[in-house]
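Those protein sequence lines, which keep their order, are chains Y and H. No gaps in the numbering here: position 273 of the first sequence is 533 in my numbering, and each next residue is one more. No gaps in the numbering here: position 170 of the second sequence is 161 in my numbering, and each next residue is one more.
These are calculated hints, taken from the structure and not from any lab test. Do not rely on the hints blindly, as some may be mistaken.
[What the hints assert, rightly or not] Taking lysine-lysine and the DSS-like style, the derived pairs with C-alpha atoms no more than 25 Å apart in a straight line are:
#, chain 1, residue 1, chain 2, residue 2
1, Y, 362, Y, 330
2, H, 174, H, 271
3, H, 174, Y, 352
4, Y, 481, Y, 522
5, H, 198, Y, 385
6, Y, 486, H, 44
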Amino acid sequence: MDIIKNLIYRGSSNYVASQELIDAVNIAIQLEKPLIIRGEPGTGKTMLAKSIAESLELPFFVWHIKSTTKAKDGLYFYDTVQRLNDARFHDKDISDIKQYIKYGKLAEAFLADKKAVLLIDEIDKADIEFPNDLLNELDEMSFYIPETKETIIAKNRPIVIITSNSEKDLPDAFLRRCVFHYIAFPDYDLMKKIVNVHFPNIHKELLEKALNIFYEIRNLKDLRKKPSTSELIDWIKILILSAYDIDKITLKNIPFVGALIKKEQDLEQFNKLIRFR
Amino acid sequence: MSLLAFFYILRKNDIPVTTKEWFDFYNLLKSHQINNLDEFYYKGRSVLVKSEKLYDAYDKSYIEFTTSNIDITERLTEILDFFDNDTFPNLNEFLTDETLEEIIKRFNERFENQKEKHTGGGRHIGQKGYSPFGNSGAKRDGIRLGGSSTHNNAFYVATERKFKNLREDVNIDERNIALALKKLRHFQHIGIEEEVSLDETIDATAKNFGDIEIIFKRNRINNIKLLLFIDNGGSMEPYRERVEKLFSIAKNLRYFKDFKHFYFHNCIYDNLYTDTELWKSIPTYKVLQEFDGDWKVIIIGDALMSPYELYNSFQFIYRLERTGTTGIEWLNTLNKHFRKAIWLNPISQVQWQHQTVKAIKNIFPMFPLTVEGLEEGIKVLLKN
């Protein structure tokens, strides 16, 4: 197996990745297999692909998956109605079907001049059969267009990053062909780094206080929606902008608590639990 | 005993590693992507384990592989063989102090020594804190080949078993349930017209002397309405997880035109319940008024009860309002009202000889609560 030279991901300045995650990315690049990233919301699954593209200076394509997305949407779309419309006039040569083939994100990544990074975002949103329909295309990195009798082959096998919120199980045959990594929720030290990336000049005391309170809340039982990274970042932003007195922030007096706890029942539950401390 | 033992340890611990994935792992070793046991742990995990639910089983397997009473020499030599291969001329770059030959020699010497000291040796070189290889000093799991690792110590991480909570002992495969449920379909063109019908568009355009006329048609939508009745009685407790799984999948599938569910206790009597605690009740006759006979019905319950609970109108244990209708009468009414209804039973088929099970089986077609049973039942629901 040849080592793909110069394509070693080392993380980027605006994205904090753990060593395990960096390793998983590099394995996927070396083995030329899609990387499936799973984890709680707010663990930076989607940002990862962007960070890879930026740090390796590769073109970046995003394919957002919705509940109605079909595998074919990523390949191509044959605009028959446009062709029918053009057939009424004589200013265009409609015998060339190629001009009515519009490529999807997967095809665009295949046809990019450079090796590209393709993010297939939230694959679990689609129909349960969706991943199976992509098996061949991702394996062979090619597909066939019957209308033009053309086979589209990837010029360079793209680096494929697939994110999933683990709502539905992905099929085994699909998983076998992929590298898998589960992003555990950042621990205290990693979170410190992440916050520092967003607020490089943050007051040390504020940072520690905010993190302590954040993890206290996360460790509370029975919360329906635990605050995640993005909530923490928002909350700290408000604290900084409002120049809130750091000394006054305690677990019993959390300013702007709505930024952290968003569900009403959770807030009730939180107040109940905190009262007995 | 060899590196391959790891493969079988993983399989033994229910991690469905295939040979394809194992070769990926081999390739990583061969292309010296894996240079120490920490990387062995992490990088191995990313190609061998495809679900965080299995991370705990992987931790267990890793501990087993690195600590068990097996001949570690062979295992190490096999790992070392990869590095000793001519195809990797730059191997020595990894080893700043000594050549590989020297290391293996040293390793063997140590092993010999240790064997003399601890006959029957259950604990081996690595664990004893020897670090025969490389330069980064003693590691609990040993064998570090050069360079310091940026990882946490894999053995330490594995023994933490921090993925324990994500573990899920699944005996009924979610994906297969979802696939089985999706067979419950009857497609019809309903809803708003939003899909271009190409054939009709061409037809209409031709009739229009080439002036384009686009014809839209309605989307094909699954026209099945599914009604679930779930027995929430105490005897169902052992099967609760399986029932909940089926229920949550049916609910989250968003595949049916409509989906509703009710709970009952033991048998269906005068009232059905909308919550699992059986507090919020709705009279059964109202349910029959609200849901017409087109709804497909799946009843999940063990059908096990005392005969009087099925046949007697006064004795059943959980009644507040009694109309004098017996359980068996209600079941018959339900079966008459809904054109298609099946019963899924979680208890083993050996117990189906029980009197009440037999009686209920005479009313509703009964299938075991398994993926296969569900598939068979759905066939019945779809029959005309």
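Status of the hints after comparison with the structure:
{"no.": "1", "hint": "Y/362 with Y/330", "in the structure": "holds (15 Å)"}
{"no.": "2", "hint": "H/174 with H/271", "in the structure": "violated (32 Å)"}
{"no.": "3", "hint": "H/174 with Y/352", "in the structure": "violated (46 Å)"}
{"no.": "4", "hint": "Y/481 with Y/522", "in the structure": "holds (16 Å)"}
{"no.": "5", "hint": "H/198 with Y/385", "in the structure": "violated (42 Å)"}
{"no.": "6", "hint": "Y/486 with H/44", "in the structure": "holds (20 Å)"}
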